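Number of protein chains: 2
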Amino acid sequence: MEARRKPIGIFDSGIGGLTVAKEIMNLLPHENIVYFGDTARVPYGSKSKETITRFAKEGVSFLMKQDVKMIVIACNTVSATCLEELQEMLPVPVVGVIEPGARAAVKATRNGRVGVIGTERTVKSGAYEKAIQTLNGTIKIFSKACPLFVPLVEEGWLENEVAYHTAKIYLDPLQREGIDTLVLGCTHYPLLKPTLKKVVGDGVILVDSALETAREVAGILFEKCLNREKKDAPSYQFFVSDDPDRFVKVGETFLKRPIDPINVIDPERW
Amino acid sequence: MEARRKPIGIFDSGIGGLTVAKEIMNLLPHENIVYFGDTARVPYGSKSKETITRFAKEGVSFLMKQDVKMIVIACNTVSATCLEELQEMLPVPVVGVIEPGARAAVKATRNGRVGVIGTERTVKSGAYEKAIQTLNGTIKIFSKACPLFVPLVEEGWLENEVAYHTAKIYLDPLQREGIDTLVLGCTHYPLLKPTLKKVVGDGVILVDSALETAREVAGILFEKCLNREKKDAPSYQFFVSDDPDRFVKVGETFLKRPIDPINVIDPERW
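Top to bottom, those sequences are chains A and B.
If you use numbering that gives the first Met the number 0, the first sequence corresponds to residues 0 to 269, in order.
If you use numbering that gives the first Met the number 0, the second sequence corresponds to residues 0 to 269, in order.
Derived by calculation from the structure, the hints in this document are not laboratory data.
Since the structure is predicted, the reported quantities are computational estimates derived from the model, not experimental observations.
Worth double-checking, as some hints may not be accurate.
Unchecked claim - Derived lysine to any residue pairs resembling SDA-like cross-links, with alpha carbons at most 25 Å apart:
1) A:Lys197 with B:Ile168
2) A:Lys197 with B:Glu160
3) B:Lys48 with A:Ile261
4) B:Lys167 with B:Gly177
Based on the provided sequences and hints, a complete structural model is requested.
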């Protein structure tokens, strides 16, 4: 198949990457997409570098078998852990979510004090610090792992008392540092925006990398003449590694469109 | 090796099964134990029957290779999902945690109204209902999935405001049903006992199946003459499928003894 007509592959540990898929669908409405969420082994955020790297390699290998023209790692944990390894391994462009998020944060901050929240693994990796300080070495970064946010989103508790108190405990130390920008360093977190906003107040800008990542994807496609030309409606395919019911139910609230067709595959056998 | 000198194998999706291991160590201080926690793929509780069954078969196959004389499924989700399949598959006795917990609940209730809390999969399986009603068909059971309790325990938030409000949301509907007994149908939940106690008050008895399971293990060993005779100090071995640091740190607070030696294995390759 001609390269530009091939689909974009999107990989995530589960459902959060759909926030990125949504922005790509909006910005590039003619592109075909194959999404794979590793729902059998989610969450990745508290697991080791070795395990995450192995799972990610299995996931992107499955996408490569679907003959994709580029791969988006729509997961902060994977992007922070092994993006370069995946880029070296694969013959197509591979885009992560960290650099786009870092760029947006550098643009947003006025006082040079930026907070970063994410999973344990993302925070431990220091990936946002490195990416932000490469862009602007004078910015001070304060980061905090928030391991309960993913289960809260998966439970659908986005704006209740528990969400509020959890956010308060995690964010208070960052606020005491006087941050004016907060990077949502996990693709689940945009769903908690109303609660996070309530906790940090209007003085702090919330940055999510989904839109910025979609822009980066568009830039690469045009630069490499890989963009699909407008002809017919795009096709979207979704693959998961576990029972799709939960993915479809929660995912459709993220994506605001039907998740169909959906298939179950076993990434360990690919 | 003579059968009675072989170790007991204990399988869990992660760290919670150590509450059961602890009771077995206390009640049967001469037994050797091999523990395997599938920390690379934890949690199991929101995954499908097929995925849990596959993971469990891989886990117990690893334990069988360690030449164990019996296997304890120290995980409510796995016990509720595929205990019988594992019993049919394996040539050694296989004990789950549901029946012992059900027995303890039937003994404890005075008004015949019993609450059961557990993971989504455990609650969906109806395993406690079946086990309790086999023992006493007049008991009424009210169950509730509490998917946030495991991440709360893993975060170490056992008695703060978030734990309290979470427990309140999950348990209020059960309390309105007038339960006098609450089965902690997940091996993580005993760590939340002080908070659960505060929410349900003194009128409700909390049942955890760890001790009752240890008694069942002892009964089977003696009945089948498989108990190890008192001679030398027992040996304990721990295996996990991901980075052991977190397991050791949290696990030692469960077990109240050092977790050593610990090894990392890949259950997909066994």
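Hints versus structure:
no.	hint	in the structure
1	A:Lys197 with B:Ile168	21 Å, holds
2	A:Lys197 with B:Glu160	18 Å, holds
3	B:Lys48 with A:Ile261	18 Å, holds
4	B:Lys167 with B:Gly177	15 Å, holds
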